[in-house]
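Protein chains: 2
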Amino acid sequence: MAEFDATPVKAALVEAGQEVEAFLGQALKGRHIPCELLTAMEYSLMAGGKRLRPVLCLTTSALFGLDQHDVMPFASALEFIHTYSLIHDDLPAMDDDDLRRGKPSNHKKFGEARAILAGDGLLTEAFTLMASVAGTIPAERIAPAIGEVAVAAGAAGMVGGQDLDMAYTGRDNVSLEDLRYMHSLKTGALITVSCVSGALLAGASPEEVERIRAYGKAIGAAFQIVDDILDEIGDEATLGKPVGSDQEQGKVTYPSLLGLDTSRELASKEVDTALEQLAPFSGPHADFLRGLAQYIIHRAW
Amino acid sequence: MAEFDATPVKAALVEAGQEVEAFLGQALKGRHIPCELLTAMEYSLMAGGKRLRPVLCLTTSALFGLDQHDVMPFASALEFIHTYSLIHDDLPAMDDDDLRRGKPSNHKKFGEARAILAGDGLLTEAFTLMASVAGTIPAERIAPAIGEVAVAAGAAGMVGGQDLDMAYTGRDNVSLEDLRYMHSLKTGALITVSCVSGALLAGASPEEVERIRAYGKAIGAAFQIVDDILDEIGDEATLGKPVGSDQEQGKVTYPSLLGLDTSRELASKEVDTALEQLAPFSGPHADFLRGLAQYIIHRAW
Chain S
4 MAEFDATPVK AALVEAGQEV EAFLGQALKG RHIPCELLTA MEYSLMAGGK RLRPVLCLTT
64 SALFGLDQHD VMPFASALEF IHTYSLIHDD LPAMDDDDLR RGKPSNHKKF GEARAILAGD
124 GLLTEAFTLM ASVAGTIPAE RIAPAIGEVA VAAGAAGMVG GQDLDMAYTG RDNVSLEDLR
184 YMHSLKTGAL ITVSCVSGAL LAGASPEEVE RIRAYGKAIG AAFQIVDDIL DEIGDEATLG
244 KPVGSDQEQG KVTYPSLLGL DTSRELASKE VDTALEQLAP FSGPHADFLR GLAQYIIHRA
304 W
Chain H
4 MAEFDATPVK AALVEAGQEV EAFLGQALKG RHIPCELLTA MEYSLMAGGK RLRPVLCLTT
64 SALFGLDQHD VMPFASALEF IHTYSLIHDD LPAMDDDDLR RGKPSNHKKF GEARAILAGD
124 GLLTEAFTLM ASVAGTIPAE RIAPAIGEVA VAAGAAGMVG GQDLDMAYTG RDNVSLEDLR
184 YMHSLKTGAL ITVSCVSGAL LAGASPEEVE RIRAYGKAIG AAFQIVDDIL DEIGDEATLG
244 KPVGSDQEQG KVTYPSLLGL DTSRELASKE VDTALEQLAP FSGPHADFLR GLAQYIIHRA
304 W
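Protein chains in written order, with my numbering: chain S, 4 to 304; chain H, 4 to 304.
Take every hint as true, because none was put in to throw you off.
When chains are identical, the list treats them as one kind, so a pair holds in a single copy or across two.
Here are the computed lysine to any residue pairs in the SDA-like style, where the Cα-Cα straight-line distance is at most 25 angstroms:
1) K111 with T172
2) K254 with E39
3) K106 with Y46
4) K254 with E115
5) K272 with G294
6) K32 with S187
7) K112 with P95
8) K13 with L233
9) K254 with N176
10) K112 with L167
11) K112 with M97
12) K111 with L89
13) K111 with M97
14) K13 with E235
15) K32 with D181
16) K112 with A170
17) K32 with L167
18) K53 with R104
19) K32 with P147
20) K254 with L41
Hints are computed from structural coordinates only; laboratory data are not their basis.
Produce the complete structure using the sequences and hints provided.
Next up, the structure:
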């Protein structure tokens with residue numbers, strides 16, 4: 004990893020993230036949402052973060068020639084879904100986390116009932132945003148893209164992964180295979196579909212979509228391994244939550260199963276796979292996707 | 004109301020509901036959903052009910068010439084959304100209801116964490132189902148229909164209505180206008196969009212869609228007034244929950260604001276409005292919609 008200079012990709016990610024941020028900041032304005040509920044939704048939506056999922060969608064759609072302005076509502080919907088999942092995961096009945104990104108979690112701030120509804124609202128509004136690209140993007144591409152996102156976010160994807168995570172917590176017989184499968188649903192599916200949906204909306208060929216899917220799966224896996232490593236070695240300021248919280252909650256992690264060095268090797272292999280899948284593609288968007296793959300694991304070194 | 008014979012419309016509703024039931028029973032088969040989560044989702048999905056929302060969608064789409072088989076996945080998605088809303092509304096942090104349709108509510112049976120996830124899963128799978136009609140229904144109609152459903156189900160619709168309901172509970176200064184607005188979001192929006200989405204998918208003209216929307220709004224309003232009346236006068240077996248539970252929870256209702264007689268008059272006026280909107284339409288599907296409007300309030304007499 005010594006040879007990777009993270010500075011340019013980090014700058015490009017910040018820049019792309021700021022455009023997403025600007026869209027998110029006005030996405031719910033003018034809608035007739037009860038004021039207190041809107042406040043709770045925007046509290047979590049605007050709590051920062053790198054906006055990785057929208058940036059991935061924007062970048063893969065640009066790779067296949069789509070105007071980023073046209074894709075922005077759909078791309079931003081992925082951040083709505085990510086945010087809702089964080090709010091529900093933090094609930095007392097789930098991970099019972101009081102802090103998120105260094106601030107009180109949604110239910111600590113607004114109470115449990117409103118936090119559940121803020122999550123429900125963000126999830127549903129995501130589909131309003133996705134459907135809103137009708138008119139700017141060819142109609143026959145939209146429903147398949149929405150369908151892929153719904154599968155990835157749903158009970159056979161992210162929601163299913165959270166269910167498995169809860170079931171595995173406190174158990175001492177979780178295998179590496181179990182862990183990988185759980186994370187492929189819980190975090191991998193949404194990261195993967197962020198890449199895939201951009202390609203679908205841009206009219207990429209089935210072969211191209213499958214390469215982008217494999218790229219997304221690989222960086223999704225790398226992302227989670229790095230997250231587990233950071234939970235063990237990171238500092239609280241970067242994480243926005245206490246270091247070692249996984250262990251405290253009785254969660255199995257990659258480092259707890261494999262140790263830090265083997266976990267890093269595994270993440271590195273996933274990034275190699277991601278880069279191989281991008282081999283046929285050139286230009287600034289492909290280079291950015293390559294840089295993002297390397298940047299994801301860079302934090303864990 | 005004396006002259007209305009509910010028998011034929013009730014029989015037609017039961018028959019249509021059984022077709023929905025058959026679809027719902029196999030809708031999640033073969034999907035890679037973790038088994039315990041799937042069990043919790045199907046527990047509530049298959050707990051009975053008249054399947055009114057899918058039947059409305061199927062009937063308005065048939066009114067404008069669409070094959071019911073083609074619309075079934077989309078129509079059934081409305082029952083997924085309705086079911087998720089019941090699971091989340093019953094949670095301890097919300098209405099804290101132990102019973103639903105005479106059986107333990109989802110969280111009483113499966114625990115709070117899994118009930119939250121079962122709701123999240125059903126909501127998200129609804130959009131998988133809606134997107135799945137691509138290929139059988141013209142592409143340009145699908146995203147607008149999905150968008151309408153998402154708005155109706157979301158923070159400016161059903162979720163917002165539940166938030167207002169929570170905020171109003173225990174307050175003694177809720178006006179009739181407040182109550183109507185809250186219910187127009189909480190129950191009205193999904194009933195309305197059940198009608199509207201069927202018309203949109205069938206390619207109805209904007210004028211036709213607006214008539215169907217006005218019909219849906221009127222029966223949605225009538226439906227809620229009747230629900231409030233039944234909570235006061237109904238028997239526990241029909242309701243599947245204790246009579247008088249609204250009052251016990253400190254909820255304002257139509258009878259508590261207006262008395263029973265005026266509440267019935269109000270419901271009756273809504274049904275008149277619904278019937279007026281259907282005046283230009285003829286044939287068995289229009290007749291069924293007329294019958295449904297009358298059937299809804301028939302229960303409260």
